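Student: The residues making up each chain are set out below.
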Amino acid sequence: AQSVTQPDIHITVSEGASLELRCNYSYGATPYLFWYVQSPGQGLQLLLKYFSGDTLVQGIKGFEAEFKRSQSSFNLRKPSVHWSDAAEYFCAVGSRSNDYKLSFGAGTTVTVRA
Amino acid sequence: EADIYQTPRYLVIGTGKKITLECSQTMGHDKMYWYQQDPGMELHLIHYSYGVNSTEKGDLSSESTVSRIRTEHFPLTLESARPSHTSQYLCASRGDWNTEAFFGQGTRLTVV
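Residue numbers (my numbering), protein chains in the order written: chain A, 1 to 114; chain B, 1 to 112.
Source of the hints: derived by calculation from the structure; they are not laboratory data.
Check before you lean on any hint, since a few could be wrong.
Unchecked claim - A few chain A residues that face chain B, going by a derived Cβ cut-off under 7 Å, partial list only:
(1) 27
(2) 34
(3) 39
(4) 43
(5) 44
(6) 46
(7) 51
(8) 69
(9) 101
(10) 102
(11) 105
(12) 106
Since the model is a prediction, treat every value here as computed from it, not as a measurement.
Idealized CB from N, CA, C, for every residue including glycine.
Looking at chain A on its own, in the form it has when it is part of the complex:
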């Protein structure tokens, strides 16, 4: 069965500093990986996705993520955080063997301090 772990429940970062959010997945074959962001009271917005090819993927709002098969990880990064990046971030995995249904991690809440 596929599963996703986001080890960090809450991260506080200063505006302008770099940000890295961790995501580990459990799945035997190549998964399809996603990062979503959720602002308070809103639905989820896709930041980026990985299906195949280049393991470093670029997304919206200056985010990028790197797929590392050997570490079963898909960490999200941003070089310089803006106050508007304060939100909850979810990593998700889908796979052909599970009918492409998405399994989500518990999320990481990011707080940005001035």
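Using the hints provided, position chain B relative to the given structure of chain A.
Tutor: What follows is chain B alone, placed relative to chain A:
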């Protein structure tokens, strides 16, 4: 911008009432999903559909039911609401298998 809509956004209702949460999408997606989300917790899949007249239960057991009579519409119904149903419900749709899911803004349900 995703064309998937959920109504109502917020609902406070008494125990025992029947409620229907609406979800509509205008993207022509075959695949639609309902997730339940509690604060600080992951999203749990409770129902999904791969097309008209197709519905399946998800990974998390739920007392709710769904229907898919039209491609664009995927309502979720609770016959008798209870306080344990208090949660946020998110609807999503998806096109081909190699594309992402698009989410509505959610319905925050409170049963008192």
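Student: May I ask which of the numbered hints given earlier this structure violates, with the numbers listed in increasing order?
Tutor: Violated hints (numbers, rising): 1, 3 and 8; every other hint is consistent with the structure.
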